[in-house]
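Protein chains in written order, with our numbering: chain A, 1 to 549; chain B, 1 to 255.
Among the hints, erroneous ones may be present.
Listed below are the simulated DSS-like cross-link pairs for lysine-lysine, each with C-alpha atoms no more than 27 Å apart in a straight line [unchecked claim]:
| no. | chain 1 | residue 1 | chain 2 | residue 2 |
| --- | --- | --- | --- | --- |
| 1 | A | Lys350 | B | Lys109 |
| 2 | A | Lys25 | A | Lys350 |
| 3 | A | Lys429 | B | Lys41 |
| 4 | A | Lys432 | B | Lys41 |
| 5 | A | Lys424 | B | Lys41 |
| 6 | B | Lys109 | B | Lys194 |
| 7 | A | Lys429 | B | Lys37 |
| 8 | B | Lys37 | B | Lys109 |
What follows is a list of derived Cβ distance ranges for each label pair [what the hints assert, rightly or not]:
| no. | chain 1 | residue 1 | chain 2 | residue 2 | range |
| --- | --- | --- | --- | --- | --- |
| 9 | B | Phe72 | A | Ser319 | 14 to 24 Å |
| 10 | A | Gln76 | B | Lys107 | 43 to 53 Å |
| 11 | B | Pro186 | A | Leu303 | 16 to 26 Å |
| 12 | A | Ala236 | B | Tyr164 | 49 to 59 Å |
| 13 | B | Tyr179 | A | Ile473 | 50 to 60 Å |
| 14 | B | Ile62 | A | Lys470 | 46 to 56 Å |
| 15 | A | Ile325 | B | Tyr164 | 52 to 62 Å |
| 16 | A | Leu233 | B | Tyr164 | 37 to 47 Å |
| 17 | A | Lys470 | B | Lys109 | 29 to 39 Å |
| 18 | A | Trp200 | B | Ile49 | 20 to 30 Å |
| 19 | B | Lys109 | A | Thr162 | 54 to 64 Å |
| 20 | B | Phe72 | A | Ile436 | 33 to 43 Å |
| 21 | A | Gly240 | B | Lys107 | 24 to 34 Å |
| 22 | A | Pro196 | B | Val64 | 37 to 47 Å |
Among chain B residues calculated to face chain A with C-beta under 7 Å, some are [claimed, not checked]:
| no. | residue |
| --- | --- |
| 23 | Lys107 |
| 24 | Ser110 |
| 25 | Lys142 |
| 26 | Asp144 |
Rather than coming from a laboratory, the hints here were simulated on the basis of the structure. Quick caveat, the model's predicted, so the values are computed rather than measured. Glycine included, C-beta positions come from ideal geometry on N, C-alpha and C.
So you can see what is in the structure, the chains are spelled out below.
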Amino acid sequence: MANGTIAVSPHTAEVDFYNVRTKHKGILSWLLTIDHKRIGIMYLFAVVFFFLVAMTIGVFMRLEMLTPGETIMKPQTYNSLFTLHGVIMIFLFIIPAVPAVFGNFFLPIQLGAQDVQFPKLNLLSWYLYVIGAVLALTSLFSGGGIMDTGWTFYVPYSIRTTTNVSLSVFAAFVLGFATILTGLNFITTIHRLRCPGMTWFRMPLFAWALYATSWIQVLATPVIGITLILIILERAFGIGIFDPALGGDPLLYQHMFWIYSHPAVYIMILPAMGVVSEIIPTFSKKAIFGYVPIAISSLGIALVGYLVWGHHMFSSGISDTSRVIFSLLTFFVALPSGIKIFNWVATMYKGSIEVTAPMLYVLLFIFIFSIGGLTGLSLGALNTDLHLTDTYFVVAHFHYVMFGGMGIIFFAALHYWFPKMFGKMYNEKVAKTAAIWIGIGFNMLYFPMFIMGYLGQPRRYYDYLPEFQKYHIFSTVGSWVLVSGILIMYINLAIALKRGKKAPDNPWGGTTLEWKTSSPPIMENFKEIPTVTTGPYDHSNMESQEVKK
Amino acid sequence: MRPNIVDQVDQTFWLITGISIILLLIITIAMLYFVYKYNRKRHPVAENIEGNTTLEIVWTIIPVILVLIMFFVSWSGFKNMRDVPKDAMVVSVTGQMWKWTFEYDNKKKSDTLFLPANKDVKFEIKSVDVNHSFYLPAFRTKEDAIPGRVNHYWIRTNEPAVYYAACAEYCGLNHSYMYAPVIVIPEKKFIEWKNYTPPDTTKSVTTVTKTDSLKTDTLKTGNVNSLNKDSLKTGNVKTDSLKKNSGKKDTVNTK
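Excised from the complex, chain B in its bound form:
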């Protein structure tokens, strides 16, 4: 089982903050003590001390060690954040002034981000106009939505709950209203919701082998940003089979 991203971010934050508070206390207390102890009234004649090489080395080496610890802790957390689980469910996130649109692997679109509980989810983040940033405060991460690029990150959802997504990169007039509800529901309900489509688009489920290969294709291309536009196009061409694919996958998952 992988470490939880939220816990890792919080632990790193409090590790850094803890060390910082200790350093701040040392600096402040020393400063105030000197101001008190060596006040001109108590200590009218200063002693001339121009430096001390040992001290300089000590207070260079110790911070070097401390920042290296911070760096490695945050790096290992970061590696976990960037290493997307292979079987993560992909949701395409598109930012535009001033709303988010979420698209699922069966082409279902939504303004509300519904997610299944206890699942790994990968977001592929795009923008159609200016820069935005897809920020999930509850999951401690964000990545910018930049036109012409596809950025990504992943999260692991917990038990059913309601959160929100915010835009964290300034994007004009209604930047501060660019929220989207994030609703985590039991997986069964999620699949029902995802597969609910208007009656005219229902298709029969066939050609299992074909859809499997498609699934791996989209996953692969998702990892290579430069290829994404193309893969999106292919996705559009083969819309029908994609739908079948997700239909098939769903029935497997519900078992």
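With the rest of the complex left out, here is chain A:
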């Protein structure tokens, strides 16, 4: 990447945001930037780094599972690794990935704005993210050793363990502020900075998804902040909120944790759903089917998503009445996601479909995410959940939903917007090959876990009964296939970054506003503020600029 030193007048509107002359030079032009695009790029490199770290940990965990008993590590190491894998993936990758990277970069452009409403706050969010990440890394090498509580930090274990829980939990607390501020910024941006003609129902669905997500971020994240601080206070001073030995209640912790963490699941998946709603119309060359139902279902998910946290606690001993109510609500929260899937598939009907790499990832997503969502029904059902909860069935389910949903769509978004973000084209053939490897590896890795869970293999087990070994072997081999696919994908993109052909402004024939500016965009995004007269996916006047091969 260029470092902003090319001698062109800063007011020349033709210069892209990498090369525009800024107040600061070199590395400072990044670290002190308030440009939403640069902040988005900085987030991108941070989340990809942490994804690779957590993925590597996952590979070691699967390796340990290859044989019963000790394969490559001791139980304490394994317990720390699955905790780290979860904490890094969730707090440092899944939650920020789509909103902080692609939301930051594309939300203002899609709205026809020059930046987010509060650019300095935006930079502060990035620093909070980095500080949180540094604190999390510091906790690994200080105190009583690597945290071993699982990413849920359940009390009383998290209060009693001698490992370094307090610092890790504090890191998650700081990361929460980054999330809240980003959410606040996006809500304000959407309310205030839409360009002339951009009515609510002319907004791209990605913006709608981010809008719903941001409200959850702002309203739910404070709850986890308080909860985590209470853990730290409990550990330091024994105040007796959660520890029954001091008159506290462990179930109170579970309620508070899931009041945040269930809506957080939708913080993770809603932005990904927004990306899907962008990619399918572009590569089907037609308007999205059911714009309004998709937009409204995002808000529906956000709203009902608040009311279903109890389904994480069906076996915890909460009252039978509350279990019934939570179960019913859980079945209803499944509906908006189903409606979205039907509308996406219907969008392809009578379209003119081109299966490019981003589209291939989306097709993969629809298959995998459907499995994830449908297996969730058995976990929302009262009697089957008591058998399946806390087994590998749950592990499989949430990897199908989170990785298969959000992770795969992160890859899709990366391929969809890569030409716009970096002004370069990648090798399409290699990108598709990687997607197919990822699809095969993913299902090999996680599908056997459904079977193991149904047969009674509990999760977070260092060791297992010999009867499960055949499934574990299959799953571990799957992890190798998956990881090789992911590495091929990233290497392909890294090569494109260095040597890719120059990307045209609109390589896919997209209709939303980001395709109407240059690749990469200029500093102020547009030469003049655009005026919108149609819906976001109007292909009637589109002449797709095919990539010159």
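Starting from the structure of chain A, add chain B where the hints point.
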């Protein structure tokens, strides 16, 4: 005769899974068919369809009906799981890092869960340190062991067989070794085993009326979680009579 919990869980699971497989096939086949049929090479110009209200209503109503069916089926199974038979034998289950202890109504303690065949058994589940979960995969159910609370569930045993109990809530270093053998034996043998006690604690069997009232007491308190600590204390105070009681009950049962 009540429906069997294991069958109900499996039936609910396969009902939901069956419906899910059909839905997954519809979605996937439609998607792949569209990708093939409306490929840009075959179908260069898209038709602009922006939506269809009838379809939206149809694919909202049908899933609503489907999830309501799933909900009611699972709810009826759940009611059966929570409605403990009045005459179920009570076993107290205590989790601690990292073993299970089972205590019977005559205060007999064991690391192995011996159960009589073809009987209803209620487990009262406690923990002395951190959260655990008492999971019986073969009986398709679990409930967490949480310090300061008493959770419960019941099962009906079948013919004699050997199973295992596992801990399903992460509890630290040896979480994955927290198994206990579950051995279902003929009732007669079970009673022999349960009543085998070291010689110094043998007592004569008397005061039948007194022990009967005690039995109902413990059952009642067992249903009210908040009262349990107290009832446990009373249980401790009246240990002797409890033993007599179980002795008496056993002789009745063996007939």
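Satisfaction of hint between Lys109 (chain B) and Lys350 (chain A), Cα-Cα up to 27 Å: Since the Cα atoms of Lys350 (chain A) and Lys109 (chain B) sit roughly 70 Å apart, the hinted pair is violated (cutoff 27 Å).
Going by Cβ atoms only, is Asp144 (chain B) closer than 7 Å to chain A? Holds: closest Cβ of chain A sits about 5 Å from Asp144 (chain B), inside 7 Å.
Outcome for the supplied range 37 to 47 Å, where the beta carbon pair is Leu233 (chain A) and Tyr164 (chain B): holds, 39 Å
Holds or violated: Lys429 (chain A) to Lys37 (chain B), with C-alpha atoms at most 27 Å apart: holds, 22 Å
So does Tyr179 (chain B) sit 50 to 60 Å from Ile473 (chain A), Cβ to Cβ? violated, 22 Å
Given a hinted range of 46 to 56 Å, is it respected by the beta-carbon distance of Ile62 (chain B) and Lys470 (chain A)? violated, 38 Å
Would the hint linking Lys432 (chain A) and Lys41 (chain B) be met if the CA-CA limit is 27 Å? holds, 18 Å
A range of 24 to 34 Å was offered for this pair. Does it hold for the Cβ distance of Gly240 (chain A) and Lys107 (chain B)? Since the Cβ atoms of Gly240 (chain A) and Lys107 (chain B) sit about 32 Å apart, the hinted range of 24 to 34 Å holds.
Hey, Lys109 (chain B) versus Lys194 (chain B), does the alpha-carbon distance stay inside 27 Å? At roughly 9 Å apart (the allowed maximum being 27 Å), Lys194 (chain B) and Lys109 (chain B) satisfy the hint.
Does Lys25 (chain A) pair with Lys350 (chain A) here, judged by a C-alpha cut-off of 27 Å? violated, 51 Å
So does Lys109 (chain B) sit 54 to 64 Å from Thr162 (chain A), Cβ to Cβ? violated, 30 Å
Starting from the range 20 to 30 Å, see whether the pair Trp200 (chain A) and Ile49 (chain B) falls in it by beta-carbon distance. Taking Cβ atoms as reference, Trp200 (chain A) and Ile49 (chain B) lie about 22 Å apart, which means the hint holds.
Comparing the model with each earlier hint shows violations of hints 1, 2, 8, 10, 11, 12, 13, 14, 15, 19, 23 and 24; every other hint is respected.
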